[in-house]
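Keeping their order, the protein sequence lines are chains A and B. Just so we're aligned, residue 519 is where the first sequence starts under our numbering, counting upward by one. Just so we're aligned, residue 596 is where the second sequence starts under our numbering, counting upward by one.
Among the hints, erroneous ones may be present.
Stated by the list, open to error - Quick look at which bits of chain A chain B covers, simulated, 3 or more residues with Cβ under 8 Å:
hint	stretch
1	695-708
2	721-730
3	734-744
If you're looking for bench data, these hints aren't it; they were derived computationally from the structure. Note that CB positions come from ideal geometry on N, CA and C, so glycine has one too.
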Amino acid sequence: MKTWTIAKREFKDRLKSRFFISMAFIGPAMIILGLYTLFSLSGSDKQQLNILVSDPANIMNKLMLGKQGQIKYTFIERYVERDEFAYGSDFQKYDALLEINEKIISNHFAFLFQREIINPSLVTRIHRDTEKRLEMLKAGEFTQLNLETFRRVMHPIKLDVRDAYRPETKNNYYMAGYTGFFFGLLILLFVITFGMSILRSSSDEKSNRVAEVMLSIVQPRDLLLGKIIGIGLSAILQTTLWTLVVAFGLFVLRSTVFPDMFSANNLVETDGLILNNSWVNLIYSQINFGVMLPWFLLIFVLSYLFYGSIFAALGAAQGSQSDGQKFLIPILLIFIIALFSGYFTIENPQSSVVDALLLIPFTAPMVLMVKIAIGIQDEGVWTFFLSLLIMVLSALFFMRFAGRVYKSALLTNGYRLNWRKLLRWGMRAK
Amino acid sequence: MLEIKDISKRFGDHLALSNISVVFEPRKIHALLGPNGAGKTTLIRLINQILEPDSGSIYFNGRFLDRKMLSNIGYLPEERGMYTNMRVEDFLFFLAELRGLEKKTARQQIDYWLNKFDIQSWRTKRIEELSKGMAQKIQFIATVFHDPELLILDEPFSGFDPTNVQLMRGVLRELKESGKTIILSTHNMNNAETISDHITLIHQGNIVLDSDYASLKKRFSQDVYTVQFQGNMMGFANALWVNYDLLESKQIGENQFIAKVKLLNDSSINQLITELMEQVQFEGVWPDSPSMEDIFIQLTQTVTA
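Produce the entire structure from the sequences given, and follow the hints as far as they go.
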């Protein structure tokens, strides 16, 4: 009952803060803006390139198409010097000069002079276009195949990667992994933001001496639990607001800004790869929000209780503001390690290191979210549930630890905090 | 009412309270005195169950004190903190809810006390807007609004101007009259002297004095009287030849003096007046009792020595 009263106060206090209100809108707005940028870059607003092909031997003309997606080739049957291209007024409309020398079939060498840095994927495309046309030229010269037949023969193989156990799912592994990473990142972001609120609230109560009034009415663990629950509820509300605002934003994007993205015309397949709107496809079709959101909520709550207790203990234990800063550095380091562990999991999902990271409560939230997103193999199920169990036990342990620190440290002043003192307060029974 | 029995409390190497026992009787104002670091706050925190004793026990109304009984205790700590971003009314309702008061009772009590201090208009003020004295009154209300039997007030007069000190003294007397027991921890001897019925002095973790005020005054009285008179100082001094000791004298006007005289050999004030009556013209005679401050200094110095 008293815990709930304290939780209500903390909850209302957060709700009234400008930071909470601005976070509720700025955060999701930034996500929507990021998605809009991703959609735009992978959609219709791609960079258009004008390439001048200097081809004095007339090797490439007629064999290279004038327009290849974003690239427009213009042929000129003479040498164009680099300086002439760079400074000549006639050539300023071209973004790059592709120089095809007369002996290209034998020396396999060409120059591409760019005015500004060209996107590496487009350079690859120019390279491939040139190479392809040269192959056709060689085919005409050295084989009996006509152009049509040659094109059919040279059509690339489409390599479709599927799960051996669930071949019906057409999931892009890396995108799924990074989706899990994004959810893990959100968990860490919320946990550090609201964990800091717990730390500040605890140290404020200590420094402005309201702790003594509170401890004469409630037990330290009620005060701690009330604080964690109240701030936690505000974190859950913030998360829900983010989810709703982002969902609404995605709906608006789909129906107004990018209505044509979902037409069949836009899902262009070139050389066996979906090049356009893969992010749209991921967000709207491939993420199973029904699975991801409940797990996100559960892991978020466990991470929050675990990290929140540590922040509460630090807030109550600090003898001065500098104490808090001193202890924040190792915690931030742990967050960075947690982020890296997510990346490592995407790259090495079956590694035994990942299994170990799953069992460490500091890194488990991130690794769990990535694992859930890419799919858990049957043999990894027990590790998954063991990881959850360890998180529950760690959260309980640190809540108890923080309760003891509250009892010992909240009314103690005039000292410099060190790890020994913190551990002594947290571990002693009385 | 409240019995402290063989309580000890140690913080690391420092012994804050050493096997102390004291009884706080009901319907009295008890002054808990002691120099800084004497152990007063530790004792108060033990009573409020904020700390646990290493040994000993505390009884409240004859029963072993537990947390449930804290609803019958109101505690005003010396370091008075509040949630500064809350409004006065919200803060009071929050503490009332924690104290288990029903909303209706809480509203009645808060209205009563805000009216009593004539501060109804502060209801909607943010606590950060309050002056120290104003905040003090709000804290006091939060200490008494659940109508506890025992009030423990740590430096309740600090931060108040003389008018408000007077007001608070009056309120404390009223509370005592209504049957409350009050423990008043203070450094201000004048306040302790003015309103206390009982004095407990802690020094270096020990109780060095535990007495009602009247007995204390008598115990420390040194049969010294101050005499103000018109006349001749020489004649005055000659009259005190035996049985009296002239401690000091000062001329305060033309043929007007003030002197301190100690009675010796079981002589009485009546005898002194009789012997001096022929020599001087009295303007006033009054006992020169030691102040609480004198007693405090005397006792703490003796114990320290």
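Verification of the supplied hints:
1. Counting residues of the stretch 695-708 of chain A whose beta carbon lies closer than 8 Å to any beta carbon of chain B gives 0, which falls below the threshold of three, so the coverage claim is violated.
2. Here the stretch 721-730 of chain A counts 6 residues with a CB under 8 Å from a CB of chain B, which clears the bar of 3, and the coverage holds.
3. For the stretch 734-744 of chain A, the stated coverage by chain B is satisfied: 4 residues place a CB nearer than 8 Å to a CB of that chain, which reaches the threshold of 3.
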